Each structure stands twice: as structure tokens, then as C-alpha cells.
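Protein sequence lines correspond, in order, to chains A and B. Counting in numbering that gives the first Met the number 0, the first sequence tops out at residue 330, every number present. Counting in numbering that gives the first Met the number 0, the second sequence tops out at residue 308, every number present.
Treat the hints with care, since some could be wrong.
Unchecked claim - Pairwise CB distance ranges (calculated): (1) A186/A to G155/B: 50 to 58 Å; (2) N181/B to G180/A: 55 to 63 Å; (3) E162/A to R216/B: 31 to 39 Å; (4) Y187/A to E202/B: 44 to 52 Å; (5) E50/A to F188/B: 19 to 27 Å.
Simulated from the structure, these hints should not be mistaken for laboratory data. The model shown is predicted, which means the values in this text are computed figures rather than measured ones. C-beta: ideal position from N, C-alpha, C; glycine also.
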Amino acid sequence: MRTLTYVQAIHEAHRQLLASDTRVFLIGQGLWSPWYAGGSLEDLDREFGRERVLDSPVSENAVTGMAVGAALAGMRPIVFHPRLDFLLLAMDPVVNQAANWSYLFAGQASVPLVIRAVINRGGEQGAQHSQALHAMFMHVPGLKTVMPATPADAKGLLLAAIEDPNPVLYIDDRWLYSQIGPVPEEAYRTPIGEGAIRRTGGDVTIVGISWMAAQSLQAADELAAQGIEAEVIDLRSLKPWDQSRVLESARKTRRLIVADPGWRTAGAAAEIAATIAAEAFHDLDAPVERVTLPDTPAPTSRAEEQAYYPGPEAIVEAAWRILGRRAGVAA
Amino acid sequence: MGRWKTMLRIRRAEEAIAGMLEKGEVRCPCHLSIGQEAIAAGVCAALGSGDTIWGGHRSHGHYLARGGSLEGLFAEVLGKTTGCAGGRGGSMHLIALQRGIPGTVPIVAGTVPLAAGAALAYKLRGEARVAVAFFGDGALEEGSVHETLNLAALYGLPLIFVCENNLYSSHLHWTDRRVADNLDQAGTFHSVPGERVDGNDVEGVYDAAREAVARARSGGGPSFLECRTFRWRGHVGASTDEDVGVRRRGELAAWLEHDPIRRAEDQLRGMNLAPHRAAVDEEIGRALDAARSGDAPDAHRVREHVCAR
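I would like the entire structure built from these sequences, with the hints used as guidance.
Here it is in C-alpha cells:
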């Protein structure tokens, strides 16, 4: 099959949506810039016109609210936030308005909106340009949240999100943009709410989210070299998340690690760990391990960044802990 | 005559709701617009059937002026499944899709950007429709309104900003919130033309709205109307809020002399209004009876409609 990078897959998904559905339009910051969106939206304004690809002023609240209103008026907008951090300025239209609309009016109307926001970790960008805030949104009823980790899902989840009658937060990570993988040329959908088993194994289950799904596969390779077979699940959707697939795997391997690119306290990993512990307590041989960011804002300098962001080695260490063996044999 | 009757219907409906609030029959927070009826009646009379209105916490009047059903309103504030939002929303969440009301919500200024988004949708599709954002003077203290003014001008949106300036944001008089009495100029910096209108003169509101609607519909872009008025009742509930300060007591007495309904009646002198008044009262009575006989939702419904399918 043809291969694309993750960023090419995002770009292709936008192109196919704009070409096939006149209800789709894009609005947000950086849409007319060749580099602002990391190449993920390059030249779409030239191909589809600047009426449908609106590079907006820096007014996150009103721009996101406009996207909500346009969705209620029959459009299928994609509102773009080049940093997930910037979405915080638009919490009212996302949390109070879009997420509540269906419930408030007993299902008479809903908001078919895609909110796309980018995590831009590292690069010495610091605490306001790099945050992974997905857990905040996972908390909100009525809002779906997806985080693709592969090129195929980067495309398939965007296409699924636009067809969903509900608001869907689509979070991509710039660190994944150069990942290469097979991507079908035609339009297809990755079902929202389904995780994917990326590697099978019987010793430990690693649930990876977004960038940490890629790290989990690397960790599994290292573990395999040491005789440990890990099963890796790429969660793909955070809300709803694939409880049955994670539960089944955890029951099989009896050990679960959740690798989450966000903070520890009240994070996505905490929710998954609590759910699996409650559902499968007697099937587990060890407490659930979490690999997360520490509960600190993002530092800026490279030296501190290296200590801040966990990589595959942190997952390998968690595997040794959960297997009750001494760390240090690894790596 | 039609606009007078719309105002009367709003007044009588809200008086009925005030009565139900006082008796404890209605429990949800209700923000009454008694005294402000001319703005809803005047603006909505200037709209066509394809246009949409976007409101806030004080939107009974907008809903009724646009043709929302009385029974749907009463049943909604009573929490019945026959309410306009199925009894899910209460007073602050009114909807009437067939009447161009996609939903009202109480976050101050919450629907102002949404109205702009609807206007953008109409523009993108080449439809000659307009959107109206109703909001109070307090909303001008929210940043999103200023963001939306700029975006509406930038994109040339068919949008009318209707500021119902009743001088109070909850209990706070405008002088406790602003230095200058200049809300009519709120759009000027963003190139949105503004006008100050006597919000208790239904014909004046109607004329100003007609002009703004015509401009928006013909591609002339957004307008801002500051409609000066006063709410007779308190911020929320049936009381008159005279406990919030001496100023309000004096103001209320003065504004009662500017009753928009009585002013409209002065212009209709010579016509026999009694049968119309009786018809409105009868309509209200019938709607109340019907609303009271509606069913309360089954408790098991509580988890339904979180997501649309």
C-alpha cells in the first residue's frame, strides 16, 4: 500500500473533505501560512479558496463560537488551533456550548463540529506552547476526543470526526508528523471509540496514547530483546475509549501499563487505571503502572526538557516494576 | 397592532410565570423581560421566516416574538416533556427550530459568536438570511463580543447585534461598570455602524431593525443597535430588585411612566383593543392549562441525549 507521513495524511484528509462536502470549511489561525500549521494545511486556501479556508484573527473564543454557530446552521466546520494551549481561550464555546447543546435541548439539535488542536511538545517552546491538555476535555460529557498516533488514523479519524453529529476534539502531535505508514488513497473512517492492538504479547499490556503509543512500540521492541512480550494497544480515542479491548488484554496479560503524554494527576492514565482496576482487580497480578509527565509545567531549556518528557525507557522501567523484577537489567 | 399584541402576549405570559414563581410552582431560575417587550417585538417583526435569532438568559420575549408557542414556554419552565426543550432546558434554554431559534443559553454573550457563525454559514451558502444576536448591556463587558464585532465586520456578515441596554447587569448599575454612557459606539472601532434607539418605542425599534436587516440581507454587513430600556422586575425571579439600592427604586418609578405597551396603545387610540386583550388572556389561560397537564420526564431519561446519534 502507498505510504504517507502523518502530516501528509492529515493534509490529504482535509483535501478530500473540502473536495467532497460543500458543508466543510476551515477556520482558525495560520491557515494561509505555508508553515504555521506544520505543513498540514499547506495551500488548501489556494485550492479551495479563502472563503472556505479562513485564516482568522487571533480571537480564539469568538472564532470557535462562530464554528459552533455555523455547525448549528448546517455546516461541518473544522476550527483549527495551532497549539492546544490556545484552545483554553475558547473553553466557553467548546465546553458550555458545543458539548451541552444536544443534552440541553433533548436531542433536537447537536453541534457537528471538529475542533482540531495541535500538541507541540518540546523544541524549547515552554509552558504555553506545548501542553497536552486532552484530559481536561475528556472530562466533559457530550464532547468526543480522538488522538491519532499513525498516519492511517490521522486520516481516518478526521474523516470519522467530520461525519459525527457531535463535537469532536481532534488532537494531533507535531512530534508524530514525520511518522511514515500505509494510508489508503480512498476516503475511509477509523471508528471513534475503537482502540487498535499494534502488537500482541502475553506478558504485559501497554496502552499508549498519541505520541506515547509510538513510544510504547519502541519499548516493546526493547522488552522483546530481553524476553518480555508486551501487547501494545494504541488507544486512538480518549472519549469514548475502548474499555472492552483494554479490559480483555489486561485480563489476558494480568498486567497493565498506561503511557499517557499528559500530566499524572486526574489524567487520562488515571481514568483508565481506575476503570481497569475496578473492573478487573482480581485478574491483575500487580497494580496498574502509569507513565506520564510529572505534575509540573513544561520547562524550556533542552536539558530540562530531556528530564521532563518520558521516552521508551520509562515504559521499559515500568514494565520491570510491574513484572516484579529489578530494573537496571534492561537497556 | 401586531407588534402591540406581541408585546402584550409577552407581558401577560411573563406575569403568569412571575405568579408561578411566587407560588413555587415554577422552580427554575427565570429572568423576566417585563418592561423591555418592545425590543423583542420590534426586531422580530422586521425578520423573515428564514432568519435566526440567538438569545440569552432573558429570552422569553424573543422566543414569543418569533412565534414560539406559549404552551412550549410554560411547559418548559414547569419542566414538562411537552416543553419546547422537552423539559430539559428550563427558562434559560429555549428552542424553536421551526421559528429560527436554534437555542438560547445563559452564559453572558455566549450566543453572540454563535450568531456570527450562523451568519457566516448563510454567507458561505449564498443565502439571503440574517442572524440576530440579542444580548444585554452586561455582555459588552465580555471580550468575545468585541472579537465578534471585528470578525463580523471583517467577513461582512449578515448579522445584527441587538444590545438591550436595561442599565443593569444583575444588580450592578452601568455607572458601577463603565465610565462613559457610549454603548452605541461599541462597534465603531470595529467598523460596525451603531445606532441608539429608544427601546421602549416599538415602532422606532422596528424601523431601525428593518434598516439593519435590509443592509445585512443585501450584503451590506453587520449593524449594532443599542436599545435603551429598563426591566421592571429584578435580575432573576418575580421581585422588582428594589433592595439593590435607592437609585433603582427611583429609576423604576420613572421608567414605569414609559411603559412600551401603553405607548403603543396611545398610537392605536380609537381602535377597540378590548377584544384583543381578551383573546390574549384566553390564549394564555389555555396554554397554561395545557402546560400544567403535561407529563414530567421519566427519571430514567436523565442519561439520554448526551450525544446525538
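Now the hints, each set against the structure:
no., hint, result
1, A186/A to G155/B: 50 to 58 Å, "violated (33 Å)"
2, N181/B to G180/A: 55 to 63 Å, "holds (58 Å)"
3, E162/A to R216/B: 31 to 39 Å, "holds (32 Å)"
4, Y187/A to E202/B: 44 to 52 Å, "violated (59 Å)"
5, E50/A to F188/B: 19 to 27 Å, "holds (25 Å)"
When the structure is compared with the earlier hints, violations turn up for hints 1, 4 and for no others.
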